[in-house]
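K.L.:
Put together the whole structure using the sequences plus the hints.
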Amino acid sequence: MTKKRYRKPTNFRNNTRELLENIIEVTDDYGSKGYRLTLRQLYYQLVSQDTIPNKDSEYKKLSRIVTDARMEGLIDWDIIEDRLRIPRKPSEFEDIKELVDVAIQSYRLDRWKNQENYVEVWVEKDALSGVLEPITNRYHVNLLVNRGYSSISAMHDSALRIKQNQNKNCVILYLGDHDPSGIDMVRDVRDRLHAFHCDMEVKKIALTMEQINQYNPPPNPAKKSDPRSRTYMRNHGNESWELDALTPETLNELLITHIEEFLNKKEYNGILEEDKRKLKQLTANFKKKQSK
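Throughout the sequence shown, residue numbering follows our numbering, covering 3 to 294 in sequence.
Derived by calculation from the structure, the hints in this document are not laboratory data. Worth double-checking, as some hints may not be accurate.
[Unchecked claim] For each label pair, taking beta carbons as the anchor points, the in silico distance ranges come out as:
id, residue 1, residue 2, range
1, Asp97, Asn218, 50 to 60 Å
2, Arg110, Lys290, 42 to 52 Å
3, Lys63, Lys289, 37 to 47 Å
4, Glu241, Glu20, 26 to 36 Å
Ideal Cβ positions, reconstructed from N, Cα and C, are used throughout, including at glycine.
P.N.:
See the structure below:
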């Protein structure tokens with residue numbers, strides 16, 4: 003984590019400085035826990051604390067303040083992430099030893115090899131994949147960013163992947179907004195995968211009305227321009243809620259709970275022990291060859 007100044011300090015107004023102190027408190031707290039936030043997540047944490055009102059103008063104001071604060075070394079550069087602008091580059095190695103070291107450390111057995119279920123996690127927003135990815139990596143579960151209504155190519159590829167596990171009970175754990183389109187996407191995913199003869203369950207684990215009542219995230223007006231708004235408002239009223247409003251801790255706890263619902267822990271722990279033994283053996287064999 004790094005706080006680095008790139009320009010001279012700004013003379014913030016008193017009310018802005020007070021807001022900035024709250025921003026720094028929130029970002030430092032999440033940074034100390036190993037989390038990285040999107041600007042949207044930070045915004046909703048401040049709204050839920052009644053630090054700022056839930057208005058588009060406040061979101062834009064927050065963006066300006068955070069930009070200034072980062073440039074002046076007041077907010078850690080690593081705490082705010084932009085998932086859409088991550089550079090991609092092939093791996094590079096200085097020599098064979100470095101390559102083999104990385105390969106050994108990357109060695110993993112299939113955690114779901116002896117499981118009765120096959121699980122994938124789908125999330126509506128790319129911005130939240132960074133929060134969920136440590137959990138899906140821990141359990142070796144595919145994480146797919148749905149980004150709204152997916153293309154037919156993406157659905158076809160997903161169907162082919164899931165059908166490779168049709169000997170198991172296949173489940174998609176879905177996380178999305180509670181709004182007209184967010185509710186409908188569960189049906190859309192299920193119906194379109196079924197069109198490719200892909201048999202699986204789509205279970206929405208967030209955001210649900212039960213969780214809204216439990217965690218009380220800030221509401222937004224339901225978008226009347228959405229063609230699905232009439233049905234939504236008839237069932238849920240005129241308010242909608244974004245998944246981003248849940249804290250990273252809450253999202254992780256929900257995800258762990260629902261993954262483990264479909265996980266045989268005895269089989270899983272047995273694979274972990276086998277993994278450790280084989281990794282130790284691989285390391286020993288490589289060191290033995292190096293010494294020759």
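K.L.:
Name the hints, by number, that the structure is in violation of.
P.N.:
2, 3
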